[in-house]
Amino acid sequence: MRTAQTAGYAPDGGSRWHRLGRHMRRHWPIPVILTLIVLMMVPMLLALFIAGKSRAQFDFDPWGLTFPIYYHQTFPAAWRVVSQSILNSVIVSAVSCIGVLFFGSLSAYVFARFDFLGKDTVFVIILSLLMIPAILTLVPRFVVVHKLGLFQTMWALLLPYIAAGQVMAVFLMRTFFTSIPSEYFESARIDGASEFRCFWNIALPLSKHIAGVVAILQVLGTWNDIFWPYLTIGTKKELFTIPVALLIFNDQLGQQIGTQMAGYIIASLPLVLLFAFTSRLFVEGLTAGGLKL
Amino acid sequence: MGLLKSWLVGRFGGVGTGQQVARQSVGARSGLRTRIRHALPYYAVLLPTLFGLFVFDYYPAFLAIYHSFFEWDIGLPATWVGVDNFVRMFTQDRTFLRSLRNVGIITVWIMFQATVIPLVVAELIFAIKSIRWKYWFRIGMILPAIIPGIVVFLLWRFIYDGSVGLLNALLTGIGLESWTRVWLGDPRVAIWALTFSGFPWVNGVNTLITLAGLQNINAEILESSELDGASRLQRIWRLDIPLVFGQIKLNLVRAIIASIQIFEVVFVMTEGGPIKSTMVPGLWLYYNAFNYHRMGYASAIGVFIFVTILLLTLISMRIFREERA
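The listed protein sequences correspond, in order, to chains A and B.
Residue 219 in the working numbering sits at position 219 of the first sequence, with consecutive numbering throughout.
If you count the second sequence from 1, you need to add 293 to reach the working numbering.
Relax, there's no trap hidden among the hints.
What the simulated footprint calls covered on chain B by chain A, stretch by stretch (three residues with Cβ under 8 Å from a Cβ of chain A suffice, anywhere in the stretch; the number is not a length):
hint, stretch
1, 344-352
2, 414-421
3, 427-435
4, 446-457
5, 545-559
6, 586-597
To spell it out: a stretch of chain A is covered by chain B in this simulated footprint if at least three of its residues, at any positions, have a beta carbon under 8 Å from a beta carbon of chain B; those stretches are:
hint, stretch
7, 34-44
8, 102-109
9, 126-136
10, 160-166
No lab work stands behind these hints, which were simulated from the structure alone.
Virtual Cβ for every residue (Gly too), placed ideally from N, Cα, C.
Input sequences plus hints: build the corresponding full structure.
In structure tokens, the structure reads:
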């Protein structure tokens, strides 16, 4: 037993230091990457650290450990300030995500499965939007939203988000739908299924993976968007999304730095939670290898 | 059975073959009308998508380009001025010229940050043999990327803070008290502080895209290079970089598109100040439109950004294609 273990640890002998040296030569990237990831998380760790401090503690000793830790005060205080905007952001992200998936997949299905007059032209016209930077359309889109009477309503966020999100959705899902063997649909049609049922019961269930990627992209995009809600929601506090709330309340909370930091963490948590359940999908989507120019 | 199937498929708009049969069977002139009638149901399904895109994307894009040739202050009638807006940008608007310099600095840095650093980090992860570590590192790369941008920007504003910031505290801690300053409040330093925020500048998404390219390289090629006695650096230079060039190019183009129109980070961290020293074209567009109500001029800046992105994208794709050949 004992000899077997020793043999396993040191197949060709050598002292403990030699083994360690060999180990380091083989595995040196691991500590390097670990350090990098910790450094990447420094801002968040900083927020978590400061969030535990009362104002007096921060003034007196900002960078040392101070006790007691005031999480039980800072987090509820921050929650009271940002809870409404978290709810708004959840609604905006969820509704626009569902809208993009529904209309986007329907259109992608039509582009993938049928042939009709002008199809390729229309498809290229839609894809050409990927070339137009958001900054170009920012001001006129605001004018349009204003003229439609959507200013300071949730629709000012939802409708443009759903419209813009569909470009990527149509592009990604069309590619996927084209790859489904057409025999699936043909046999369903012979069995009497309507075209909508083919879409709903065959195409959609098969495309869970790519739909997940589209959904994550949409949620990330809408949750993180700072400027469009800042412009269109204006001063209407009850409609603030989370980035607007942080931006506006930041100055009000400036005196209470612990609460401010707690607010940052609360604002990040929903995405972290979402990521915890979808990380595999997300990482695989990025590393599947199809992404290149 | 096969005949019945193809008829059904053709009758109910199946997959191409049926369509071609239908097209051949009708004459050329009535064909067009039939084809239009045939296409209508599909356009009915596409209508919500097309309508939304028209109202919120195509029409605004058209408006932006159209208005860039007008002097149009909100509330006043627009007057046609030709290319005056563009001329004024480069001859009279010193803030705009300053913003060009700033966006140049930022773009060069982001292009480096989006291509070279991800390649190095991806090579490091690629060199790790343990599958479990690799898996967790991939997740660790993405985790910082899902923190909302606004939180990251505000935290960096705090790190750079002159009186309570972490950076000054660190410098004081290691005895470099003379280096401390109000990082975002000094006109000479602010743009550099802004550009180099986000230490250690690892873009997780780009790293994973590059890593995917590395993992797709045929293992036999790498093994044979090892057998031929190529060093690790030789292998990276001669094999890996050419083979993941598609991924690097994607990262580069994404970086160009994002950095030329960058303005949210500037707006949150400095609002373009102090004394407009960190102004970028995107933010200058916003100020012109919403603070000075010069809509025509703002549109012209937007068109300039659009054309710049288009040209830089095309140029970089052309250059790198030739270099590779």
